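Residue numbers (this note's numbering), protein chains in the order written: chain A, 1 to 282; chain B, 1001 to 1440; chain C, 2001 to 2320.
Worth flagging that the hints you see were computed from the coordinates, not collected in a lab.
Treat the numbers as computed from the prediction; the structure is a model and nothing was measured.
Heads up, the beta-carbon is just placed ideally off N, CA and C, and yes, glycines get one too.
Some hints here could point you the wrong way.
Per the computed footprint, the stretches of chain C lying under chain B, defined by three or more beta-carbons under 8 Å from a beta-carbon of chain B, are [as the list claims (entries may be wrong)]: (1) 2087-2093; (2) 2169-2180; (3) 2232-2245; (4) 2256-2270.
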Amino acid sequence: MSRRTATDRRAVPYAVLGVILALIFSLPLLWSILRAFQPNETILGTPSIPELFDLTGRNFAVFLSSDAVMLRPVLNSIVVSLSTAVLTALVATLAGYGFSKFRFGGSRLAFSLILLSMMVPFQAILTPLYLLMNSVGLTDSLPGLVLFSTNFALPFGIFLMKNTFDTVPQALEDSAIIDGAGTVRMLTEVLRPMIIPGIASSALYAFLTSWTEFLGALTFLTTERYFTLPIALLNIQVGTYGEVDFGQLVAGSVIAMIPCVILYVSLQRFYVQGLAAGAVKG
Amino acid sequence: MIGRRSLLRAGLALGAAGTGTAALAACAGTLPPVDTTASDFGTAATGGVTVWCRAATQTAIQAAAESFNALHDDLHVTVLPIPDAQYVTKLATSIRGGSVPDIVDFDLINCPLFSVREAFADITDLVEALPFRDALSAGHMGLAGYENRLYGIPFIGDYSTLFANTDLLARAGLDLEEISGSLESLMEACRALKRDLPEAAPWTFPGNASGAMGFTIQPMIWAADTDLIAGELGDQTGNVLGNDVVEAVLEFHRQLWVDELVPQRAFVEDGSQWGHDYRSGEVVFFPGAYGSAVAEADEAFRPSSQNVLLPGPTGGRATFSGGDNMCLLNGAPNPSGAWMFMRHTLELDVQRALPDSGYMPIRSDSADAAFAESYEQAVLPVTHLDEGYVPSTLAYNLLYNQSTSPWLAMIRRAVFDGDVPGAMAEAQSEYDRILTQTQL
Amino acid sequence: MTALDATTRPGPLGSRHGAGGPSPAPRRRPRSLTHRPATGVLLIAPALLLVAFFALIPLLLAVYISFTNWPLIGEYRFVGLDNYIQAVQDPGMWKALRYTLLYTGIVTGPILLLGYGLAVLVRANRRGATVLRTIFFLPYVIGLTTLSYMLVLEAQPDSGALNRILAGLGLTDGSTAWLLDGVLGTIVLSALVIWAVPGLTMILLLSAMQGVPAEVYEAADIDGATWLRRELSITVPIIRPAIGMSLIISVIGSFLAFNQFFILTKGGPGTDTTTIVGFVYNRAFVELQLGSATAVSLILVVFTALVTVVQFVLLRGSDE
């Protein structure tokens, strides 16, 4: 009973603060979306308030028209990010299972090595990595970029999945083994319900990291045909194709923003759960 | 257990050593040189030719590739645009990795970086054999050469000239030719313009654009027969401190800023909107390029946009001989076919079509009557290719193009902070440091 | 005392029934004897191979390269410790390092405090808490890279939203070139990060906070403690590991910051807003001095690792 009084007394400040903060965090994003629909004269000029709402779809049309240089990067980004998500989820799940439930020599060492790789700034190993990838033909290719992005998201995913598997009761596994389940069946049938949130989180995390991956794509991709969205945005920003088109830049950013927002909002239950579980248990 | 762990470790170590040495071994030296002396070299080649081009100039080369492909059934040219900022590193790393394109078309100032390290094929004989050899831009050829051999051909020209809105000049009763003989007379003209045409800014420059200012302000120094760099390629020092011409040019721009003869925007303009104010008729004088002063302007504006070569403080004329060179790579998969395409790009019809993309030909014999009619502002630089210059140095990018360049720092300190001596002293030591660092 | 009894009695390692949900790391459960070690190796093999190829081997190569002069193209030469010595004497490197530390110092506190505050707001699970939580985390999800591209536009003099608002409020004339000045640029960058990143801290702290039992708070209520007092003496000590983890992640992220600086100020004017990773990038890809750049980045790796270990020790120290 005493709880309810406390709740009511706090309701108004909570609501006020909540609304203010919600505005602070969302207004800039909404503004950028509005910007993307403004013509360049408005963007580069100093229009009056009503003029701000003179909208046009021109920035997007330019961006996505079939002969434009921009549709391709969006598609490339989608393909690369989805592949990265799937691959990361797969490899991280297997590895998380292995580290969590299996005992074998060198497992501590292997796990430490994987954690160590998280601390290496990617810029430090950029050139040796390029040379290495080049020697096996992985540079300037989308599969190469997928493998690279997967590796980027992997340590976190493994961390996450290991913790997920750690919470699986041994009894569950034991009874399945007694029933004659092999590893594959164990993962895909027996343990599946318990590990789906973790898998979804790893996949989502991998997608988001890969989607905004910038320096790697810049270094490893040469052929314009393979460029991903962040690279295309960079080229717009530095005016590689002529004068800087700010309208295109902002429209491109909004396009870059959309999948993140959609995926996050619809899957946020998994994502938040996974992130919290994975980190706190460190 | 112990056996498995050490097996794992051993396997990892071996794998590491193996891939590591493979990667490093593949990037030790340079690629085998191209032999251009075969009798049928450059004729009847087949297959594909890969060209890397500057993303900024790709329209020009796409057009050339298209016309070439139409002429040849069994030889096909593919063009890959590369963003300028990553071009040098990408090229270097792929040379190291052993897989190079056939041709690179890139900013000519990058040529020395690679020709001194034997990355390009020696095509001296092929070039000298061209009937129009002497019509090729001197500035481009200078950078394509090293130790008396040639390692590239010019492809695209971008020459800086002083543009002026002659309509506005006429309103103030001024004649472009008369007043543009020196920076001194130009300064007087600017003051007169400010008096008589208060609504337009007499001059403009992009005060935060290192490369663009290098393109347009350096010729003012060269017009007086001096440069900011002294010495031969690979053994250079700065020539800033004590250089009266540099001082005069800096003072000129300082005066423009202090007397409010340039728009306020000059302080922040980083090149992303270069020429915007000139094309909208807000500015009278605009040192710039054909692209931004003519090609990007409205059709109605173009006739009033006229140009002269850039003058020095007290006289002389010069222009920045910029643009692209094309080089054949050692280790190219199809060198014979590559030369055929390179030769094609030097043809008059290809060269004459360049102004459509905003660039200019590199052959002084391209300016015939038809050309003069369509591209009148291009005639002047094209017929004065001999007065074109561009410094040959391994450090051009670091000295003039980067936002951290001493060139930009010097101008900003001299013009906006008003400290000309300090700016020059600082630039001298930075030039020396960078030039020493990039010696062979 | 049959074999059956032995397996069904609760073992010394605690109950085998029902995992405890989110809780401090579970003690190692007894491995089933039927889990073959060889399978374990197979399971981790893909991950290990990927990490080895894409991170560990390049790291070793990088160490090797840092001892050479690695020119643009052509033969390379061993130069021993020259790159390291030169780096330590390079004022440019120290400037970048100092700037990075300054930046880290500016943003770390606010990120933690703001994240903590957001978590407090959201944890009570009132109506609308989920919506708020979603909104607060959104900027982080979108990513600093995309956000930076958007901010470039708004930081432009005269036309950008930042300046328009300031001009509208009468504070300035609206022509500030935020991204062309070292101090102003740092302000803009810090503001961006402090706005975008606390969502992550919030999430990290949130589930830890929700794991604190209600009884603990009720006891304090009876004692009449103020909200702040309660937080500091009860919540903070309990969720200390989570606070520690988010601090470590935040600091490492700040040390390695690059993208937003590259996009917004390009490290300028001059090198006034160049972070240490920005310095490495310039050294490697603009000045084309790869050996030197790799040496500096390895110094950075060691530095980051050291700081992380120190943080780890300090934050876990009084627990055990």
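Coverage claim, chain B over the segment 2232-2245 of chain C, checked by counting residues with Cβ within 8 Å (three needed): Violated: only 0 residues of the segment 2232-2245 of chain C have a Cβ under 8 Å from chain B.
Count the residues of the segment 2169-2180 of chain C with a beta-carbon closer than 8 Å to any beta-carbon of chain B: does the count reach three? holds (count 3)
Taking 8 Å as the C-beta cutoff, is the stated coverage of the segment 2256-2270 of chain C by chain B satisfied by three or more residues? holds (count 5)
Per-stretch coverage check for the segment 2087-2093 of chain C, three Cβ contacts closer than 8 Å to chain B: Since 0 is below three, the answer is violated.
In this structure, the earlier hints numbered 1 and 3 are contradicted, and the remaining ones agree with it.
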